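Trainee: One letter stands for each residue in the lines below.
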Amino acid sequence: METPIIPSDTGLNELVYEPAEDSFLLLDALEQDLVKSFQGNLSEDVVNVLEVGCGSGIISTAIAKSEKLLNGRLPCVFALDVNPNACLLTEKTGEANQVATSSLHAVLFDGRHCSRNPFRVQFDIIICNPPYVPILPGENTEDENSGLLQQSWDGGPDGNRFICPFLSNVHHLLNDDGLLYMLLSTWNDPEMLVKDVALPNGLNGVEVIKRTAGRERLSVWKFQKIGLSSV
Amino acid sequence: MKLFTHNMLTSKMIKNVKVGYPLKLNAAEVKVTPSEFRSTYVSRMLPKIDWGVLYEATQSIGHAEAIPSSISDDYEKNEDFLRKAHHALFEIEVINGEMICPETGRKFPIKDGIPNMLVNEDEVN
Ligand SMILES: C[S@@+](CC[C@H](N)C(=O)[O-])C[C@H]1O[C@@H](n2cnc3c(N)ncnc32)[C@H](O)[C@@H]1O
Numbered sequence: 001m002e003t004p005i006i007p008s009d010t011g012l013n014e015l016v017y018e019p020a021e022d023s024f025l026l027l028d029a030l031e032q033d034l035v036k037s038f039q040g041n042l043s044e045d046v047v048n049v050l051e052v053g054c055g056s057g058i059i060s061t062a063i064a065k066s067e068k069l070l071n072g073r074l075p076c077v078f079a080l081d082v083n084p085n086a087c088l089l090t091e092k093t094g095e096a097n098q099v100a101t102s103s104l105h106a107v108l109f110d111g112r113h114c115s116r117n118p119f120r121v122q123f124d125i126i127i128c129n130p131p132y133v134p135i136l137p138g139e140n141t142e143d144e145n146s147g148l149l150q151q152s153w154d155g156g157p158d159g160n161r162f163i164c165p166f167l168s169n170v171h172h173l174l175n176d177d178g179l180l181y182m183l184l185s186t187w188n189d190p191e192m193l194v195k196d197v198a199l200p201n202g203l204n205g206v207e208v209i210k211r212t213a214g215r216e217r218l219s220v221w222k223f224q225k226i227g228l229s230s231v
Numbered sequence: 001m002k003l004f005t006h007n008m009l010t011s012k013m014i015k016n017v018k019v020g021y022p023l024k025l026n027a028a029e030v031k032v033t034p035s036e037f038r039s040t041y042v043s044r045m046l047p048k049i050d051w052g053v054l055y056e057a058t059q060s061i062g063h064a065e066a067i068p069s070s071i072s073d074d075y076e077k078n079e080d081f082l083r084k085a086h087h088a089l090f091e092i093e094v095i096n097g098e099m100i101c102p103e104t105g106r107k108f109p110i111k112d113g114i115p116n117m118l119v120n121e122d123e124v125n
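Protein sequences appear in the order of chains A and B. Residue 175 in UniProt numbering sits at position 175 of the first sequence, with consecutive numbering throughout. Residue 46 in UniProt numbering sits at position 46 of the second sequence, with consecutive numbering throughout.
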């Protein structure tokens with residue numbers, strides 16, 4: 001999988017999460033795991049993909065270009081973010097990397113609000129690099145005006161303010177044989193999330209890759225609906 | 001926002017909304033941007049499209065001639081038809097405007113080509 005280039009002349013880059021170790025680990029996980037795991041619905045040629053929290057669009061763009069990873073099927077990607085600048089930059093990143101405009105669609109949407117699916121389709125693949133850093137109220141690491149940017153990493157006091165509601169509800173968006181790939185850090189207590197949040201909502205989770213990046217230990221987890229996951 | 005996106009979106013995340021589809025479309029600014037035509041992609045996509053809703057959408061934003069009112073039976077082999085479908089789904093873009101929930105009247109603005117489907121916490125729970 002080619003790593004997409006983020007255009008630097010958009011005037012948006014300062015306002016959107018810049019791809020970092022977490023983004024690259026998630027790309028590596030997708031590259032390694034998709035080919036062997038993705039069965040999807042073999043009778044259909046279009047694969048419905050959803051990225052929640054698309055930021056610069058680096059991951060959505062990589063997937064929109066990754067027919068090979070999907071066994072030749074054509075991806076149709078919806079990219080969601082709460083930051084309008086991220087939605088705009090995602091479309092520009094797609095263009096800059098020659099993604100067909102029919103394959104990538106950005107929508108402003110809050111990923112926590114999916115207890116009822118706003119789309120008419122369910123998704124074969126859902127990808128999420130969430131805001132996961134534990135940040136105490138008032139403990140603002142960067143410039144105070146950059147509220148939208150802070151939302152890129154701010155996971156609330158325990159780091160799970162986005163992750164918990166998202167992981168509880170995301171099964172409404174996922175096809176019965178769909179796959180969810182999610183990046184987590186040790187701060188989020190992945191084992192707890194798998195056991196206490198995913199499982200009660202019908203999702204099995206397994207770790208597919210991990211890496212130490214500075215003081216963080218990052219991992220990517222794959223979730224599938226129970227009863228349908230392959231061994 | 002492409003008409004494809006309009007075809008796929010509902011307002012069902014709002015509590016008590018039953019179907020939330022189709023969203024009424026009002027366009028203040030529309031742009032047509034040519035894009036690569038891939039016949040396989042379009043023909044694989046068509047089973048997921050609500051053609052009636054797409055037709056209505058083209059009518060409501062001043063592109064009444066874009067597509068016929070009903071879907072062609074042999075579309076997989078009909079390149080002319082697929083090109084029209086491609087144009088309507090992926091080339092006609094609403095840059096500024098709004099979508100309206102058919103049940104609650106809730107408005108979803110479209111700005112700079114991005115649909116804003118954000119809702120408040122008290123609208124979903
Ligand atoms: C860690 S960044 C990841 C960006 C990009 N996917 C990447 O890997 O480089 C998290 C992204 O999630 C977005 N985000 C934060 N809260 C969100 C929410 N409730 N719903 C949707 N997106 C959200 C942020 O704006 C940010 O772009």
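Hints listed in this document are in silico derivations from the structure and should not be mistaken for laboratory results. Computed from a predicted model, the values in this text were never measured in an experiment. Treat the hints with care, as some may be off.
Unchecked claim - 30 Å max Cα-Cα, derived BS3-like pairs, lysine-lysine:
no., chain 1, residue 1, chain 2, residue 2
1, B, Lys107, A, Lys225
2, A, Lys210, A, Lys36
3, A, Lys68, B, Lys12
4, B, Lys15, A, Lys225
5, A, Lys68, A, Lys210
6, B, Lys18, A, Lys68
7, B, Lys77, B, Lys12
8, B, Lys31, A, Lys92
9, A, Lys92, B, Lys48
10, A, Lys92, A, Lys68
11, A, Lys68, B, Lys107
12, B, Lys18, A, Lys92
13, A, Lys195, B, Lys12
14, B, Lys84, B, Lys15
15, B, Lys77, B, Lys111
16, A, Lys210, A, Lys195
17, B, Lys15, A, Lys92
18, A, Lys195, B, Lys107
19, A, Lys225, B, Lys77
20, A, Lys225, B, Lys31
21, B, Lys48, A, Lys195
22, B, Lys18, A, Lys36
23, A, Lys225, A, Lys36
24, A, Lys92, B, Lys84
Trainee: Decide, hint by hint, whether the structure agrees.
Mentor: Hint-by-hint comparison with the structure:
1. B/Lys107 <-> A/Lys225: violated (34 Å)
2. A/Lys210 <-> A/Lys36: holds (18 Å)
3. A/Lys68 <-> B/Lys12: violated (34 Å)
4. B/Lys15 <-> A/Lys225: holds (25 Å)
5. A/Lys68 <-> A/Lys210: Holds. Lysine 68 of chain A to lysine 210 of chain A sits at ~24 Å (cutoff 30 Å).
6. B/Lys18 <-> A/Lys68: Violated - the C-alpha atoms of lysine 68 of chain A and lysine 18 of chain B are around 39 Å apart, more than 30 Å.
7. B/Lys77 <-> B/Lys12: violated (35 Å)
8. B/Lys31 <-> A/Lys92: Measuring from Cα to Cα gives roughly 16 Å; hence the hint holds.
9. A/Lys92 <-> B/Lys48: holds (26 Å)
10. A/Lys92 <-> A/Lys68: holds (23 Å)
11. A/Lys68 <-> B/Lys107: violated (40 Å)
12. B/Lys18 <-> A/Lys92: Distance ~35 Å between lysine 18 of chain B and lysine 92 of chain A Cα, so the pair is violated.
13. A/Lys195 <-> B/Lys12: Satisfied, since the Cα-Cα distance of roughly 29 Å is no more than 30 Å.
14. B/Lys84 <-> B/Lys15: Violated, at about 36 Å.
15. B/Lys77 <-> B/Lys111: Not satisfied, since the Cα-Cα distance of roughly 37 Å exceeds 30 Å.
16. A/Lys210 <-> A/Lys195: holds (19 Å)
17. B/Lys15 <-> A/Lys92: violated (34 Å)
18. A/Lys195 <-> B/Lys107: violated (39 Å)
19. A/Lys225 <-> B/Lys77: Distance ~37 Å between lysine 225 of chain A and lysine 77 of chain B Cα, so the pair is violated.
20. A/Lys225 <-> B/Lys31: The hint is violated at about 41 Å.
21. B/Lys48 <-> A/Lys195: Distance ~35 Å between lysine 48 of chain B and lysine 195 of chain A Cα, so the pair is violated.
22. B/Lys18 <-> A/Lys36: It is violated: about 38 Å lies between the C-alpha atoms, which goes past 30 Å.
23. A/Lys225 <-> A/Lys36: holds (17 Å)
24. A/Lys92 <-> B/Lys84: holds (25 Å)
Hint violations for this structure: numbers 1, 3, 6, 7, 11, 12, 14, 15, 17, 18, 19, 20, 21 and 22, all remaining hints satisfied.
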